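Protein chains in written order, with my numbering: chain E, 125 to 425; chain U, 228 to 558; chain Z, -16 to 530.
Don't read these hints as lab results, they were simulated from the structure. Heads up, some of the hints might be wrong.
[As the list claims (entries may be wrong)] Only pairs whose alpha carbons sit at most 25 Å apart, straight line, appear in this in silico PhoX-like list of lysine-lysine: (1) Z/Lys351 to E/Lys351; (2) Z/Lys71 to E/Lys351; (3) U/Lys300 to Z/Lys85; (4) Z/Lys199 to Z/Lys322; (5) E/Lys351 to Z/Lys55; (6) E/Lys351 to Z/Lys488.
Please read these numbers as outputs of a predicted model, since none were measured by experiment.
Listed below, chain by chain, are the residues.
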Amino acid sequence: MVIPKINAADRGTRGQRIFRRFNVVFLTGVVILTLYPFVNIIARSFSQNGYIISGQVNLLPRGFNLTTYRIVLTDPLFWTNYGNTVLYTVVSTLVAMILTTCYAYVLAKKHLRGRTALILIAVFTMFFNGGLIPNYVLISSLGLKNTIWAVALPNAISVFNLLVMKTFFESLPPDLEEAAAIDGMNTYRILWRIVLPLSKAVMATMVLFYAVSFWNSWFTAFLYLNKLELFPVTVYLRNIIAGVSGGEMAGANGRDIGELLQVAANIQSVTVLLTILPIVAIYPFVQRYFVSGVMLGAVKG
Amino acid sequence: MSTSKTLDPAQAARDARPARNEGLKRRRRPDRRPWRQAVLRDWQLYTLAILPLAFFAIFRYLPMIGNVIAFRKYRPGGSLFGEEWVGLRYIQLFLGDPTFWNVLLNTVILGLLTLLICFPLPIVLALLINEVRGRAFKRFVQSISYLPHFLSTVVVAGIFIELLSLNGPVNRILRSASLDPIAFMQEPGWFRTVYISSELWQTVGWGTIIYLAALTMVDDQLYEAARIDGAGRLRQIWHVTLPGIRPTIMAVFVLNTGTFMAVGFEKVLLLYNPLTYPTADVINTYLYRLGIVSGNFSYAGAIGLFEAVIGLIMVLSANLLSRRTVGAGLW
Amino acid sequence: MHQVTRRNVLVAIGALALAAACGSEDTGKKGGGAAAGKDGAMANYGVGTQFKATKPLTFTMLHNIHPAYPVKNDWLFWSELEKRTGVKLALTLIPFADYDQKKAVIITAGDAPMIVPKMYPGQETPFVASGALLPVSDYVDMLPNFKDKVAKWNIQGDLDTLRQEDGRYYLLPGVHEDVWLDYSLAIRTDVLEEIGMPAPTTWDELYTVLKAMKEKHPDNYPFSDRWNIPTPGGNLLNILAQSYGTQGGWTFVNEHGAYWDGTAGKFVYGPAMDQYKQMLQYLNKLVKEGLLDPESFTQKDEDATAKFTAGKSYVIGSNAQSLVNEYRPGLAKAVPDAKVTKIPVPLGPAGNVKVGTRLENGIVINAKAKDSPNFVAMMQFIDWLWYSDAGEVFAKWGVEGVTYAKDASGDFKLNPGVDFLGLNPSAPKHLQKDFGFSNGVFAYGGTTQLLNSTFSDEEKQFQNVMNGRQTLPVRPPFPLSEAEREQASLWETPLADHVQQNTLKFILGKRDFSEWDAFVKELEGKNLTSYMDLVNKAYQRFKQQHG
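Only chain E is shown next, with the shape it has when bound in the complex (with noise of 0.2 Å):
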């Protein structure tokens, strides 16, 4: 990628001097807003309530202080909330993984009778659905309430990761598949044997596409789940930033009035942290992917 158009700003005018160096500034200000809120909750989760009420915490914590980490770490509803999450990632992302994986690969074989009336079922969701209240009846009479499929179910299809895993099938040269037909392999072996390894990278990506949307996602969960022990912690979460659990939740109960005080200065930006702190950690790692999903094959060919 060569970027030409570049060489000849080296002798940039005064002007164009004076807008790279603004230019600089100014992005340097965007990265500092997007990093400041993680720096002040990092900050108030680590401080005295005394010190957050009174509105003095800002990039460093006061008064250091860990009752509100001990107690939503020994909170046995926070652990099975967290596993709950995971499970729900995980089971999900393979769900989702497996219909989208065979629907894009019929999708993509052009020869097939009827695929632009399957292409036009999928795509015509994206635009159209069916709204709040008919989908929350649906799953109610399916029965599948305060189930895990109430959360894997409903989305396990993004038509967009549909569309772009069907692009890359497409791209895939149809010699290997042909050769492997001719050999007497059968479509489903095909597709394992031969379209699948050679299509790790986009697999990859469309699991950390789902993978976080799934981690990240609370509606579902929050409609249709009913159970404390059945939610994920995004819901948890949201139980605190709504108020209706704090401390109690996490057997800070009133025996001693401190602690509680000290949890309801910052459980929100302690849970919160917690929350975040796995998606964060693998962040620098996975955003090539991310990445390369979205740009995947825009300057292919």
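Assemble chains U and Z onto chain E, guided by the hints.
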């Protein structure tokens, strides 16, 4: 370059179109394989489509049909499609419901603000990032600005509520400027600002990706020609860059109108409270309270259907607009 | 394009078939036969009988997670209950502040547990039409203790207020022998001494007291209030409205503004009354003069409590429990010589009256229960636990010898190792937190003697004062038909939203009282007149039919 395939959502969605053209072309040909033969030959492929089709039928199309409860009385635990026809009763009810008009207005305002602010800013940011010369700095800016996209709405709401709380950093700044602290989350007048800011924080960085990809595709010879004509950077951007990425811009625009009526429903649900209802309550949050919490399913269903139809009309018009202006829509 | 439509038609047909299958599955469940529901029930259960299921049973139940005593599986309550009744309760747990909403969602969706407790009178109405709830009035013969108390305490009139349009009631309320009030204000008596004033008995006196407090401590808001869920100023507006002869706060939320005007003999909309305006003017005066913290109507309970216990405010909403569980322990740390007490509800223009009902929150039962083979046993169990003397004592005091003892005169006494309501402050264990008794889900109602048994002397004093006040009559029933109900709920919600927002605006001075008439006009624009007509029409109709 010319044979390249774009995989941005715009292009991906657009694939439906060439496919249909193909079909049209083929229909003219007499040697089209009859269904029986197609099934005989490709039955294994068709079996692969069964589960996904079942998914679409149950979780996408069935709810669409379920919208008939807008015209039928639905009782919880009863039939999915309601008990008896009530005609336009629920439509009349919501047309006479002042809250409905209020939430519709709020929805439109939030939608317009999102479109006016959150749609163009990624373009600007992408142009600015594109101008950066230091590779490392560029990558750093990109990495950081993408990050919020990967956080749950719940997390973003949590972070904003903390930042804007009375003891949070924003009020800290107000205090140090000896201004009165503002209870941002409780003031109806502030809700839209809060919502749009959080939306910006979360989406602007990630939104640049697609434009940055499109920018690399702009033909360098065009810049060369412009420079020879004596055009400065700004004029180059205006006359070369922007026209170059216009199809991408339009595609994103069409996609955005698709979510116009839905706005950031999940985020509103997290950020609003009864005090901010006058500006924050949107169609979907109203539906949620009315239908799922209070059990007026049919009434909420009627409003939901209205919203979905408006949404569809908007996408279709945006696509038409896109076709008229840049010669290509999403389909 | 032909093939596309054909395909879509196929999809649609498949979908319809599937939906039909779902529908039939639901109907298939019915028809268990009510007569067969006696499995596990006692043959001769009656008043004074200890209920014991003839075989081990499990009933499903909704239960909240109370901030002050979150549910524990090892509570003595559960094991002892199982020992005595042979019944295990399988709980669905809901966080306390989410309880009202989730409870509604669960019932609406038709997947409620068999027993749903903590339902306040009026809250059950929206679910009646859907047939999700059991019309308990048809089954009171299975509830001998309940019937007995209703007759003995002459509660039938109160019960009638629960009747729906079909003349039946669906809520099994907790019943009190006498009207009982718990919520009022707590005040720092040491600060009162400092300014040399007695405890205020009227709202006007409270104003004078707050003013004096402010003069002494100009940096603080002397009054910072709590209880803003599910409506801002839930407690304060409630008690204040009663003193002013109107309806506000929690009662407004439960009764949707339909205030019974006894002299006119009809319902009027509480927040449109002049009394309501006067009440707001009073609060506005407090806010304007810096006496009442403007955050009082929006802050979380924890924040209000934090201010009070840190000595930054001197008056706060209170009940008997928050006084001893939250304020005193908190203050003891930060302001060791602080003294705090709960004052009788200040009086206002309405005079020496109290508003109250002898009905408490109660339980509703899933309509599906009557198809259960254990239906009768479940009703007997409910009757024993919530309405028998033995059950009430058990739920409140626990197990004799373990948590309490009875002295010669029949008075209850906590065992020394057990604390409750600050009666044994240094005891290592707590009746609610560690044993699960006096849990608001199970223990309320009952005889005045039982109620008083857990009161400290100061609480008894409070009750004495309150009991001396005249009780206003309860509002008559005005059950709505299903279609009316649907229409009414669509009117109630926007009206309530508008009232809540503007109540705050007027109090906080963001809207001038010169706009009061405009405010009432706005309410009329939101169908206020039609709504009140509906209510009054229903009231007349019910009076004629069942009067």
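Right, here's what the structure says about each hint:
With a C-alpha separation of about 20 Å, the suggested pairing of lysine 351 of chain Z with lysine 351 of chain E holds against the 25 Å cut-off. A threshold of 25 Å between alpha carbons decides the hint, and for lysine 71 of chain Z with lysine 351 of chain E the separation of about 18 Å falls inside it, so the pair holds. Taken as a hint, the lysine 300 of chain U and lysine 85 of chain Z pair is honoured in the structure, with Cα atoms around 23 Å apart against an allowance of 25 Å. About 17 Å separates the Cα atoms of lysine 199 of chain Z and lysine 322 of chain Z, which keeps this hinted pair within 25 Å; it holds.
Note on lysine 351 of chain E and lysine 55 of chain Z: the hinted pairing holds, with a Cα-Cα distance of about 16 Å set against a maximum of 25 Å. The straight-line distance between the Cα atoms of lysine 351 of chain E and lysine 488 of chain Z is roughly 38 Å, outside the 25 Å bound, and the hint therefore fails.
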